[in-house]
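Letter by letter, the chains look like this.
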Amino acid sequence: MKEFIRDFAKKVEVCLEDLPTEEIAKAINIIQACYERDGRIYIFGNGGSLAIATHWVSDINKTIFSHHLDHPGRRFQAVRLPSTESEITAWANDVGYDMVFAGPLRNYLQETDVIIAISSSGNSANIIKAAQLAREQGVPVIGLSGFDGGELNKLSDAKILVKTEKGEYEVVESAHGTIMHLITKYFKDYFDYLVEYRAAK
Amino acid sequence: MRISFVGGGTDLPDFYKRYPGRVISTSIDKFVYVAINRTSLVDKISARYNFAETVDHPSELKHTRIKAALLDMDITKGLEIASFASLSQGTGMGSSSSFSVALIKALYAYQGKRIGKREAAETAARLEIELVGEPIGKQDQYAAAFGGFNIFQFNANGSVDVKPILLGYKSAFEFQNHLLVFFTGTARQASSVLTEQKGNIDKKFETLKEMSDSVPEFEARLLKGDIKGLGAMLHEGWVKKKTLSSNVSNSAIDGLYEAGMHHGAWGGKVLGAGGGGCVMFVVPPSKRVAVHAALVEKASGLGMKNAKEIPIDFIQSGVEIVHNSDKNISL
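Top line first, the protein sequences correspond to chains Z and D. Per my numbering, residue 1 is the first one in the first sequence, and the count goes up by one each step. Per my numbering, residue 1 is the first one in the second sequence, and the count goes up by one each step.
Do not rely on the hints blindly, as some may be mistaken.
[What the hints assert, rightly or not] A few chain Z residues that don't get close to chain D, going by computed Cβ distances all over 12 Å:
#1 2
#2 11
#3 22
#4 79
#5 94
#6 97
#7 137
#8 138
#9 163
#10 166
[What the hints assert, rightly or not] Derived DSS-like pairs: lysine-lysine, alpha-carbon spacing no greater than 25 Å straight-line:
#11 Z:201 <-> Z:10
#12 D:204 <-> D:170
#13 D:170 <-> Z:201
#14 Z:129 <-> D:240
#15 Z:201 <-> Z:188
#16 Z:62 <-> D:240
#17 D:242 <-> D:198
#18 Z:129 <-> D:117
#19 D:117 <-> Z:154
#20 D:17 <-> D:44
#21 Z:129 <-> Z:10
#22 D:44 <-> D:117
#23 D:62 <-> Z:201
#24 D:240 <-> D:203
#25 Z:185 <-> Z:163
#26 D:224 <-> Z:188
#27 D:77 <-> D:113
#28 Z:154 <-> D:113
#29 D:308 <-> D:242
#30 Z:185 <-> D:204
#31 D:170 <-> Z:188
#32 Z:201 <-> D:204
#33 D:17 <-> D:203
#34 Z:201 <-> D:308
[Claimed, not checked] Residues of chain Z clear of chain D, computed beta-carbon distances all greater than 12 Å:
#35 1
#36 6
#37 9
#38 21
#39 24
#40 54
It is worth saying that the hints were derived from the structure and are not from the lab. Idealized CB from N, CA, C, for every residue including glycine.
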């Protein structure tokens, strides 16, 4: 059993060592620009990726400002898609599962926004539909994918690919969780710094 | 708008057709806004900027860029265009091209088309350089369209490579806190300086080549956080730039520059093509107050009435549509 534990940890470790730092930095710049123009960040995925999306929304909306909950300045605005279970079931039941993200996204999306699409295979039809919609509307796409990146990696402006063997969902999602926390921490530190910097001025 | 650090002037085709031109710049928190209103019931064209014009056909407009853009896009009536800006033109921070990029983005949206950053930059460059015939380069249109800290490389075939500098917030704040931008109080048009500079490209080819080649080193020092070194590089670049054309500098600018350097600045340059606009210094924070005081005193001694510091912050965003109420946009 210990061997299994070490093997799994090793696989995740290898992925973390090879993180696409430049693409993550690009994603940070895209999110920064979105914050400056007071845009919104829409995050979504299927299954475990949806759980990461939900976690990330909470981190962006609250954790980043944890040290400054009373600060009156501008905050990030992140929204998990779809924002209600009713919308998921309505789109899935009435139209098709491939529209559960693109359907609701179309109601909101403005050119000042950003989307973060999370898909281990990079090929989930509903994720691709939403990424295509964003691209058509000139909205930057941050894509977190695994395996060989699939279609999502090709459609993304920031191509955050965690390269693994096909089917290594657990490894990919573990690395995606780290990337989520890494970007959250960057902006948490940034916001702490910004508040101090403005106070000093 | 933007501030450029090194490589300015290598974005002119007479240079980059022979050797790759490179410019490193960042967008800053000064903006140009363009508002367009459809006036379906009024068959006129209105342009409101420093002046207000209302005409029957765009060919009658005095504003060269609005006129050329409307004629090129065959928009002939039923439109009001107004512009607003954080700073007046001629500060050397690329406001003219920021205006053009915003105008292009807005006019495309008005026609129901979305365009990306590169297309906005290229279309604005075509407007200014080909349609209006201004003797300028393409760095400002790209800086305005893309936003953020970038290296732009201008290739012989006319293509432009955009390389974002992935600078963390701490390094960016650190560098920003060392910059002091001082407006000379005199606006200038890049075209007046660049016309002479263009004629000198053959003679000054080696100098321009050195300026282009200094861009990767500037990037390396920036990423290392060698701010003193960046100051020294700006100084070298400025000394070179002054040799490009007789009107890049003048005695008043030289006076301000020397005052800043004498009181502890590590380096600096004039923003934009030169001949007026702003002088930017890299100053250690401990010398900031002294340099600022020296500049104010010098400016007052030189009779520069509107001279003052312009505080700047780096930003990441480029051209954006802030609001679109037009239902013609295909969703």
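Taking the hints in turn, this is what the structure says about them:
{"no.": "1", "hint": "2", "in the structure": "holds (39 Å)"}
{"no.": "2", "hint": "11", "in the structure": "holds (27 Å)"}
{"no.": "3", "hint": "22", "in the structure": "violated (7 Å)"}
{"no.": "4", "hint": "79", "in the structure": "holds (18 Å)"}
{"no.": "5", "hint": "94", "in the structure": "holds (20 Å)"}
{"no.": "6", "hint": "97", "in the structure": "holds (22 Å)"}
{"no.": "7", "hint": "137", "in the structure": "violated (7 Å)"}
{"no.": "8", "hint": "138", "in the structure": "violated (5 Å)"}
{"no.": "9", "hint": "163", "in the structure": "holds (20 Å)"}
{"no.": "10", "hint": "166", "in the structure": "holds (30 Å)"}
{"no.": "11", "hint": "Z:201 <-> Z:10", "in the structure": "violated (47 Å)"}
{"no.": "12", "hint": "D:204 <-> D:170", "in the structure": "violated (38 Å)"}
{"no.": "13", "hint": "D:170 <-> Z:201", "in the structure": "holds (16 Å)"}
{"no.": "14", "hint": "Z:129 <-> D:240", "in the structure": "violated (52 Å)"}
{"no.": "15", "hint": "Z:201 <-> Z:188", "in the structure": "holds (20 Å)"}
{"no.": "16", "hint": "Z:62 <-> D:240", "in the structure": "violated (50 Å)"}
{"no.": "17", "hint": "D:242 <-> D:198", "in the structure": "holds (14 Å)"}
{"no.": "18", "hint": "Z:129 <-> D:117", "in the structure": "holds (23 Å)"}
{"no.": "19", "hint": "D:117 <-> Z:154", "in the structure": "holds (19 Å)"}
{"no.": "20", "hint": "D:17 <-> D:44", "in the structure": "violated (42 Å)"}
{"no.": "21", "hint": "Z:129 <-> Z:10", "in the structure": "violated (34 Å)"}
{"no.": "22", "hint": "D:44 <-> D:117", "in the structure": "violated (30 Å)"}
{"no.": "23", "hint": "D:62 <-> Z:201", "in the structure": "violated (43 Å)"}
{"no.": "24", "hint": "D:240 <-> D:203", "in the structure": "holds (13 Å)"}
{"no.": "25", "hint": "Z:185 <-> Z:163", "in the structure": "holds (23 Å)"}
{"no.": "26", "hint": "D:224 <-> Z:188", "in the structure": "holds (23 Å)"}
{"no.": "27", "hint": "D:77 <-> D:113", "in the structure": "holds (19 Å)"}
{"no.": "28", "hint": "Z:154 <-> D:113", "in the structure": "holds (23 Å)"}
{"no.": "29", "hint": "D:308 <-> D:242", "in the structure": "holds (23 Å)"}
{"no.": "30", "hint": "Z:185 <-> D:204", "in the structure": "violated (48 Å)"}
{"no.": "31", "hint": "D:170 <-> Z:188", "in the structure": "holds (13 Å)"}
{"no.": "32", "hint": "Z:201 <-> D:204", "in the structure": "violated (43 Å)"}
{"no.": "33", "hint": "D:17 <-> D:203", "in the structure": "holds (15 Å)"}
{"no.": "34", "hint": "Z:201 <-> D:308", "in the structure": "holds (18 Å)"}
{"no.": "35", "hint": "1", "in the structure": "holds (41 Å)"}
{"no.": "36", "hint": "6", "in the structure": "holds (34 Å)"}
{"no.": "37", "hint": "9", "in the structure": "holds (29 Å)"}
{"no.": "38", "hint": "21", "in the structure": "violated (8 Å)"}
{"no.": "39", "hint": "24", "in the structure": "violated (9 Å)"}
{"no.": "40", "hint": "54", "in the structure": "holds (26 Å)"}
The structure does not agree with the numbered hints 3, 7, 8, 11, 12, 14, 16, 20, 21, 22, 23, 30, 32, 38, 39 stated previously, though it agrees with the rest.
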